[in-house]
Amino acid sequence: MSRRSLILALSACVGVFFLLSLLTGPANYGPVDSLRALVAGGDEAAAIILREIRLPRALLGLMVGFSLGASGAALQGFLRNPLAEPGIIGVSASASLGAVTVFYSGLAGASILALPAGALVGAVASVLLLLAIAARHGSTLTLILSGVALTSLAGALTSLALNLSPNPFASYEIIFWLLGSLKDRSMVHVVIALPLMAAGAMLLFASSRALDALTLGEESAASLGIDLRRARLFVVGGVALMVGAATAVAGAIGFVGLVMPHLIRPLTDRMPGSLILPAGLGGAALLLAADVAVRVAIPARELNVGVLTALIGAPFFLWLVARTRREAF
Amino acid sequence: MRLSTTNLSVELSGREVLDGVSLELGPGEVVGLLGPNGAGKSTLMRALVGLLDTPDVLLGDRALSTLASSERARKIAFLPQEKTIGWALAVRQLVMLGRIPWRAYGQKPSVADEAIAAEAMRLLDVDGLAERPATQLSGGEQARVLAARAVAQDTPFLIADEPASGLDPAHQISMMLAFRAVAAKGRCVLVSLHDLTLAARWCDRVVVLDRGRVAADGEPGTVLDADLLRSVYGVTAHVAYEAGKLVLAPLTLSEGGRP
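Chains as they are written, first to last, in our numbering: chain A, 1 to 329; chain B, 1001 to 1259.
Just chain B, same shape as in the assembly (with noise of 0.2 Å):
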């Protein structure tokens, strides 16, 4: 099955945020999405969750708004930038959150559902912290623990906003690690990401949003170069491969360039 949108252009208040993006996701792959703050990669996640109701957006053949809500959540899982734990939940409990909508409504997780919260909770190095209140964690483990829980949710899709954020370089590559886990199962993993090297070194593919287009679709190493992170971020990066791994460092906002 393929997740895929042709063509999508979405105005918020009056301003084109995305302007005719085409993109397709399959399974086994995973995808980074970058671009500077304010491309469009947020809005895009959200079209491609079905959040935005647009008609342009499809799964396998069918248009995403004429799902059913449940039977959508079963496909798609989401990641949400902001990082909302709103009680004192264990972690446990938190992740479980993850199985409600392969669960009829008032029946308790089933031991499928333990063992599926469980790997996903050993995937992101939180299995530790199970039985800890999620709001008394730190930053980094929270955010481990709420991509735990969407890793719960065990979609063919996964779409993550920046998880990665906040998180030190050890759980920085841990993470992508599990992304890279679940590709591997045969599901698709779409992250936005700002660390350029990290989604250098991790992604099967990267799709460069600019100004609500995309500005590049395709491997790291032949999409990724210098010309490309002026004229999209209006820098100048040293741009080099360690052990054949391409390695992109920004030094210096570029002449005439943004912002």
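Isolated chain A (complex conformation) (with noise of 0.2 Å):
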């Protein structure tokens, strides 16, 4: 398939699952009449549903799902690790500790900036410290390794400093920044994301070619003119903007960014950087698709939908481990 097809179909089915997405919800209007009131507005009660509630979720599921789909995919090339993914080395997780500790530690009503800066600095210092840690001495089951102790360290200082808080709904407030979910967003928090991931991916889009050349490893990217401490700086902050800005509206959505790019790549050339746009969409798709899913199998008690991406990408997840062994073990 051509790259331009690729990213055509995958376009499309990002624009089919967000349709879908504004259409699903408790409150039942046909799809003529959402699609009115959406674009119509007024006082009527579809419109209020449609642009305050569902528009919003649509686009935060099609931005958070995209920064996923494209950290993931910049992450392995950058790191020439299959296994690499925000969630599962422990950004995401970071990112939601930063964001809980400004929100209770009442810096959050300083600004409305305040919420995703604590997430960014959570994202930040995690990539650095993995980076620190495995990137040197780049083995996949250090980095995993690493990944694996971050997150349980960062999820249990979020639930302890959601515990400590005076907050009531201290246990349903664990589960959104653990497992992360798309529920009652409103257009705030899409304002407040969108920047942040705009220049994310701007950073990412502009390491593809150091990401092409670090398929020969580090010494020949350099000796093809690739300027590493900028890659670096470039991949680790754009990681951090997209997964930061992602966290902080919507949560620690796990095994978006690790499942696209797999199931992504053989579709493209796989050269890494060309695959960062199409991971993207593919993302967006994914989430979306799982949003609706979320909200269609038991409307009643909607599911997180970091808990449907988890039941998708945890086993997977388990099948790439033992794929890798044989090869990078």
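Please note that the accuracy of each hint is not assured.
[Claimed, not checked] Covered, in the sense of this in silico footprint (three residues per stretch, anywhere, with C-beta under 8 Å from a C-beta of chain B), are these stretches of chain A:
hint, stretch
1, 22-36
2, 206-216
3, 269-281
Derived from the structure by calculation, the hints contain no laboratory data. Positions of the beta carbon are idealized from the N, C-alpha and C atoms, including for glycine.
Taking the hints as your guide, dock the two standalone chains into a single complex.
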């Protein structure tokens, strides 16, 4: 499949699931009525539900899914590691911790940007820590083990912070931050996340050539004229911006960034740099679809979307580990 | 243009790896870099490629460290010892990575890029593997594919760190022939080797490193003799001429020699 038709096909999938997401919800409106309400606006209930509940939810599904898919592809390329993923190596969990710390230290009231800033700091810190531990002596095993440790630690600290907080809904909040959800989000969340994600995407797209060259290892890449320090800065910054923003508005949704690059890679020329965009689109389609599924499956007691992505992603991860063991470990 | 260094010393984590090395490389020659493990061959090569940021390496009359990395990549290609192939790219695409320094960002390979990559693949006898995933090849095939990648960079200087290790005799020879063909186009190839006969037969010049110093530098026939092999490698060797070409066969460890 040519790159152009792959991107067109994936964009069409994103479009379809975006529409489905807009049309899914407890309030039963027909497709035509829903879209008319969305476009025409007004004070009717339908317009308010479509514009203020379903539209931000669908937009966030698209944006968060894209961020996770693109970040997964970039991380895998940068680390030459098929198991790398923001959720698995602890970036999402650390971003959650950062956001929760800000939220319950009262800083969130200071500025609307405090929450994403906290998530960003958490994400940056975790990527830098992982690079320091694992990228130098780059075995797959070291990276994944450090990531597992980091995920547990950040998860435990997040739970601790929430338990110590005066919040009566602490256990609900713990589930939100650790598993992620797109429920009850508003346009404010879209506005907060969009510029950060756009900046992150720019950084990742700008490092695509470095990712291609890194296929040959760091020394070869450097001899091909790639500035490795800049590439590291771009990838770390890009992933932190995208995952930090995604986590700040939707909690730590796992496995999207793991599954998508692997599903898409065989359909491309396998160049790590040219995988970022299609993996992002695939991530958007997957998360939108999963978010529709959690609303349709048990409408009364809606699942967190992160539960579903983990149900799909974790077995996939195990299969990947089993396959990689033969080759890399 | 010449690539040179005078009195180069390099210290890595507190250990003196290179100690006053002087070396000059010019167009049209295949230079063999010899020396025991740990003599500093890889470090010298990394310095000459510009990966060590030392001010003591000159390209023409400019310090290599003052060149932009993209400019440097159009002058010097490097084939590191460690053979890394991260993803299952087709051989054709892997070789095309060598054209990165010559393309503007986001630009597709031109017809000229394709032609140069095809020529490099032919030279290394991997043109028949063009569509195969590089990760599924044998070790020897991967070594040749990676060498083709470096040749495709099409630079005045090509520096290859033990490219022939792990190859069968026929492909060792064909790799050296490929380097000779590259040099015949007025380019310079510096290649580190452990096979002394291979070096003696196919290199115009050999540089022998011993504990971070240059122990010898000259034509194989005048430089490589029993005394040098004893003092540098600690082996006694059978040295003979076969049809006018030098043949060196290490026999055993020399008396009181290393290791």
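**OP:** Check, residue by residue, whether the stretch 206-216 of chain A contains three or more positions whose beta-carbon lies closer than 8 Å to a beta-carbon of chain B, and give the verdict.
**Re:** Since three or more residues must qualify, the claim that chain B covers the stretch 206-216 of chain A holds, with 6 doing so at under 8 Å.
**OP:** Quick one: see if chain B covers the stretch 22-36 of chain A, three-plus residues with Cβ-Cβ under 8 Å.
**Re:** violated (count 0)
Subject >> Check of the stretch 269-281 of chain A against chain B for coverage (Cβ-Cβ below 8 Å, three residues minimum) >> reply: holds (count 4)
In this structure, the one hint that does not hold is number 1.
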